[in-house]
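Q: Start from chain A and add chain B according to the hints.
Here the protein sequences come in this chain order: A and B. For the first sequence, position 72 matches number 72 in our numbering, and the numbering has no gaps at all. Just remember that our numbering sits 105 ahead of the position in the second sequence, which is counted from 1.
FYI, nobody ran anything at the bench for these hints, they're computed from the structure. Bear in mind that the values here come from a model prediction, so they are computed numbers and not experimental data. Take these hints with a grain of salt, some might be off.
Chain B residues, not near chain A, derived (Cβ > 10 Å throughout) [said to hold, decoys possible]:
#	residue
1	F160
2	D191
3	V193
Reference listing, derived: stretches of chain A covered by chain B, where coverage requires no fewer than 3 residues with Cβ under 8 Å from a Cβ of chain B [stated by the list, open to error]:
#	segment
4	14-22
5	31-41
6	50-56
7	67-79
8	83-97
The calculated BS3-like cross-link candidates involving lysine-lysine, where the alpha carbons are at most 27 Å apart (straight line), are [stated by the list, open to error]:
#	chain 1	residue 1	chain 2	residue 2
9	B	K185	A	K62
10	B	K131	A	K41
11	A	K89	A	K41
12	A	K89	B	K131
13	A	K41	B	K185
14	B	K131	B	K185
Note that the Cβ used here is the ideal one computed from N, Cα and C, for glycine as well.
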Amino acid sequence: MIVVEILVSFFLIIGAFFALAGSIGLFRLQDFFTRLHGPTKATTLGVGSMAIASAIYFSFLKEGLSLHEVLITLFLFITAPVSAHFLAKAARHQRLHEDKDHPET
Amino acid sequence: MLNVALVIAFVFMTLAQLLNLYRLFKGPSLPDRILALDTMYINALALFVLLGIYFDTATYFEAALIIAVMGFISTVATSKYLMRGDIVE
Numbered sequence: 001m002i003v004v005e006i007l008v009s010f011f012l013i014i015g016a017f018f019a020l021a022g023s024i025g026l027f028r029l030q031d032f033f034t035r036l037h038g039p040t041k042a043t044t045l046g047v048g049s050m051a052i053a054s055a056i057y058f059s060f061l062k063e064g065l066s067l068h069e070v071l072i073t074l075f076l077f078i079t080a081p082v083s084a085h086f087l088a089k090a091a092r093h094q095r096l097h098e099d100k101d102h103p104e105t
Numbered sequence: 106m107l108n109v110a111l112v113i114a115f116v117f118m119t120l121a122q123l124l125n126l127y128r129l130f131k132g133p134s135l136p137d138r139i140l141a142l143d144t145m146y147i148n149a150l151a152l153f154v155l156l157g158i159y160f161d162t163a164t165y166f167e168a169a170l171i172i173a174v175m176g177f178i179s180t181v182a183t184s185k186y187l188m189r190g191d192i193v194e
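For reference, chain A alone in the conformation it holds in the complex (with noise of 0.2 Å):
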């Protein structure tokens, strides 16, 4: 059991260093596009990680399979693509990629 809980601690504190690193280029980086990249693909990282350790946990420390988790971290990665291209799509639409500090590329 020790090797269970072991495993289970890793995940959870990799889930949340990844989802901390994602918020924090949220809030550090300084252009639109460049602050969309940084969330959508680290957090859904990190609630991954942390939905294999919830699964780990309720499987190994109870009885019985518990595949829960694995829906959330399925729908995540289904729709997390989808909604940050909607979002660059609304952000191109508002002419964000326009930006007059910048020179033209």
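A: Using the frame of chain A, we list chain B on its own:
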């Protein structure tokens, strides 16, 4: 061991939520605010999963799943509104 990891994960997620909240209030453009909300609901979902492990109950999965679905729909709807000025045409 697991308790220490849970506390560390809670602290990290709370910090992440605070940073998202800053971007939600500050964000210079509207897509920035929508992106901050999107990140906030995904982090809230992670917090629900953490709470499920912490309280040792399986009740929170449905709540997390519903947050995932509703958050995705709301992100798409608001982005669509910014793009077209209308949601359902």
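Q: For each hint, tell me whether it holds in the structure or not.
A: Structure-based check of each hint:
1. With a least CB separation of 12 Å from chain A, F160 of chain B remains clear of the 10 Å interface cut-off, as annotated.
2. For D191 of chain B, the condition that its CB be more than 10 Å from all CB atoms of chain A holds, with the nearest at approximately 13 Å.
3. Here V193 of chain B stays apart from chain A, with its beta-carbon at least about 15 Å from theirs, past the 10 Å limit.
4. Beta-carbon proximity to chain B at under 8 Å applies to 6 residues in the segment 14-22 of chain A; the threshold of 3 is reached and the given coverage holds.
5. For the segment 31-41 of chain A, the proposed coverage by chain B is satisfied: 5 residues have a C-beta within less than 8 Å of a C-beta in that chain, meeting the threshold of three.
6. Note: the segment 50-56 of chain A has 4 residues with beta-carbon separation from chain B under 8 Å; the three-residue rule is met and the coverage holds.
7. With a cut-off of 8 Å between beta carbons, the segment 67-79 of chain A has 7 residues touching chain B; three or more are needed, and the interface restraint holds.
8. Check on the segment 83-97 of chain A: 9 of its residues sit with their Cβ under 8 Å from a Cβ of chain B, so the three-residue criterion for coverage holds.
9. A distance of roughly 43 Å separates the Cα atoms of K185 of chain B and K62 of chain A; the hinted pair therefore is violated under the 27 Å criterion.
10. For the proposed pair K131 of chain B and K41 of chain A, the alpha carbon gap of about 22 Å is at most 27 Å, so the pair holds.
11. For the hint linking K89 of chain A to K41 of chain A, the alpha-carbon distance of about 17 Å falls within 27 Å, and the restraint holds.
12. Proximity of K89 of chain A to K131 of chain B is assessed by CA-CA distance (about 21 Å); at most 27 Å being required, the pair is judged to hold.
13. Among the hinted pairs, K41 of chain A with K185 of chain B is consistent with the structure: their alpha-carbon atoms are about 21 Å apart, no more than 27 Å.
14. Between K131 of chain B and K185 of chain B the alpha-carbon distance is near 22 Å, which keeps this suggested pair within the 27 Å criterion.
The structure does not agree with numbered hint 9 stated previously, though it agrees with all others.
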